[in-house]
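Novice: Add chain W to chain G, keeping to what the hints say.
There are 2 protein chains.
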Amino acid sequence: MIQRIAILGTGLLGTSVGLALRASGFSGSISGWNRSKAGAEQALAMRAIDSIALDAIEAARQADITLLAVPIYATLDLMEQLSTILTPSQLLTDVGSTKGQITAAAARLYNKPDRAAFLPGHPMAGKERGGAELGDANLFRNAVWLFTDDPSAQRSATGAALVQAWRELIVQMGSRTIDIDPARHDEMVAWVSHLPQFTATALSALLEEEVGDAPELKDVGGRALREMTRLGASPFSMWRDIAATNTAAIEKALLALEQRLTYLRENLREPALRQEFEQANKFRSGS
Amino acid sequence: MIQRIAILGTGLLGTSVGLALRASGFSGSISGWNRSKAGAEQALAMRAIDSIALDAIEAARQADITLLAVPIYATLDLMEQLSTILTPSQLLTDVGSTKGQITAAAARLYNKPDRAAFLPGHPMAGKERGGAELGDANLFRNAVWLFTDDPSAQRSATGAALVQAWRELIVQMGSRTIDIDPARHDEMVAWVSHLPQFTATALSALLEEEVGDAPELKDVGGRALREMTRLGASPFSMWRDIAATNTAAIEKALLALEQRLTYLRENLREPALRQEFEQANKFRSGS
Numbered sequence: 001m002i003q004r005i006a007i008l009g010t011g012l013l014g015t016s017v018g019l020a021l022r023a024s025g026f027s028g029s030i031s032g033w034n035r036s037k038a039g040a041e042q043a044l045a046m047r048a049i050d051s052i053a054l055d056a057i058e059a060a061r062q063a064d065i066t067l068l069a070v071p072i073y074a075t076l077d078l079m080e081q082l083s084t085i086l087t088p089s090q091l092l093t094d095v096g097s098t099k100g101q102i103t104a105a106a107a108r109l110y111n112k113p114d115r116a117a118f119l120p121g122h123p124m125a126g127k128e129r130g131g132a133e134l135g136d137a138n139l140f141r142n143a144v145w146l147f148t149d150d151p152s153a154q155r156s157a158t159g160a161a162l163v164q165a166w167r168e169l170i171v172q173m174g175s176r177t178i179d180i181d182p183a184r185h186d187e188m189v190a191w192v193s194h195l196p197q198f199t200a201t202a203l204s205a206l207l208e209e210e211v212g213d214a215p216e217l218k219d220v221g222g223r224a225l226r227e228m229t230r231l232g233a234s235p236f237s238m239w240r241d242i243a244a245t246n247t248a249a250i251e252k253a254l255l256a257l258e259q260r261l262t263y264l265r266e267n268l269r270e271p272a273l274r275q276e277f278e279q280a281n282k283f284r285s286g287s
Numbered sequence: 001m002i003q004r005i006a007i008l009g010t011g012l013l014g015t016s017v018g019l020a021l022r023a024s025g026f027s028g029s030i031s032g033w034n035r036s037k038a039g040a041e042q043a044l045a046m047r048a049i050d051s052i053a054l055d056a057i058e059a060a061r062q063a064d065i066t067l068l069a070v071p072i073y074a075t076l077d078l079m080e081q082l083s084t085i086l087t088p089s090q091l092l093t094d095v096g097s098t099k100g101q102i103t104a105a106a107a108r109l110y111n112k113p114d115r116a117a118f119l120p121g122h123p124m125a126g127k128e129r130g131g132a133e134l135g136d137a138n139l140f141r142n143a144v145w146l147f148t149d150d151p152s153a154q155r156s157a158t159g160a161a162l163v164q165a166w167r168e169l170i171v172q173m174g175s176r177t178i179d180i181d182p183a184r185h186d187e188m189v190a191w192v193s194h195l196p197q198f199t200a201t202a203l204s205a206l207l208e209e210e211v212g213d214a215p216e217l218k219d220v221g222g223r224a225l226r227e228m229t230r231l232g233a234s235p236f237s238m239w240r241d242i243a244a245t246n247t248a249a250i251e252k253a254l255l256a257l258e259q260r261l262t263y264l265r266e267n268l269r270e271p272a273l274r275q276e277f278e279q280a281n282k283f284r285s286g287s
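Protein chains in written order, with the UniProt record's numbering: chain G, 1 to 287; chain W, 1 to 287.
No wet-lab data here; the hints were simulated from the structure. Note that the structure is predicted; figures quoted are calculated from it, not measured. Treat the hints with caution; some may be incorrect.
[Claimed, not checked] Computed list of chain W residues with no C-beta within reach of chain G, every gap over 12 angstroms: (1) R4; (2) A23; (3) A105; (4) A160; (5) P235; (6) S285.
[Said to hold, decoys possible] What the simulated footprint calls covered on chain G by chain W, stretch by stretch (three residues with Cβ under 8 angstroms from a Cβ of chain W suffice, anywhere in the stretch; the number is not a length): (7) 182-196; (8) 214-227.
The beta-carbon is built from N, C-alpha and C at its ideal position, and this holds for glycine as well.
Chain G with its partners taken away, still in its complex shape (with noise of 0.2 angstroms):
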């Protein structure tokens, strides 16, 4: 039933949805839109969209289901702008990494008797590094992509089936679909994803201050170091967003390290050391 699906940035993301539809079988049209034409070029180049659309727009009225894969507040505006332009028997969705603002904008813009459907989408999956060229039609394998949506959702049947065809899409990508209450969903990110991620830049951060000057203590540390520091090359232009969008639930896991931490240091020769130890062991072994 999906003849033409857009991708609205054609980041590592985007790019990878691309590959991945056409690796798992689709076969109906996929037209790109990004920011900086390069990006797109290069999604052509590899296949991951069939066309370039220069207006995201027009791109997005032409389609049966169009996906967001730009930064969250790109997504707010464009949630806006196609709230009035879409049909009841379209789709959109996204990849964005907090839900609650995206979440509550659907609930507001869409999924409404006159407006299109919306189902807010985000896959735990990525590279520390974007753009189109890291690309992996594999990306989504073995991930988990989960979904925020609203039980009181108001759709057309159109727009149920593609809402339908899309989570089936999803699956043929060799992902496992969750569902999840937004608030829950950005609070345990915060845990799981964004306390590594700011962990990670904020240790960057002070090596790159303590011993960025000798790049031989890089080779020192190891693999231990390369993978606390990986994420490190992440780019801010994501991840400002993120940020911005789940402050609070951020700031408590932050503090909560923080305050890990500290205990940490003041029993650096005390028994409660082992404790922290074996609680970290659980941790993993749990895993």
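Specialist: Relative to the frame of chain G, chain W by itself:
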């Protein structure tokens, strides 16, 4: 010139050294002692050693080179015990993760005309879990093996030749050797090794408390979470001695990270966040 090597402690490092020695062509005998018999039997079964020594002191007495591959306080104990037993034509060396106390003990007890030679060493290689069964002939390939030798060491010709022979064996195992002052060593590893470890321990312990009862959330976190908590599996038994023998340097590094996290938390919606990300990006782009 080396006929007999003794490895005291056949855990991950001791067993890996035995395997790496064999893989790089060492054809003399390798005897192994371990506090728990099972660890020595495992190393023997893997051919990392070719005989089990029941007594550590006796094994060292019979060897040209003895490698201490036990935790730091056990290393210091054995250094005391062996100092009056070994002869000037024997070499004792170690793999301890902090070098201040061990190098000071070496100056006090070894490297004198009537004493054996001692070469303080520290391979920057390991795994988050220990044990002979994880022993790996390639563990030291492309790793850095640090030495904190004393330029004023007084060694017999045989002692000096054994030091040179051991350094060559390390290179044959695939490691790059770097000589460094022991105080500088301990300060440096506090940043590039101990800080990442204690950060992973604090993060893992915190997450066990916050989301430990919801194992599906670990999947949600994906590769980023796995990498940032992998070191959470590290055993207290090894890190206790590191924390106790490098306390001041680790305290300093932990405090600096706490302050950095606080700064980041207080600037989640401020331009300073961009600078933190750019500083972190710099650390990674140099690597």
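Novice: Of all the hints numbered above, which does this structure not satisfy? Sort the numbers upward.
Specialist: 5 and 6
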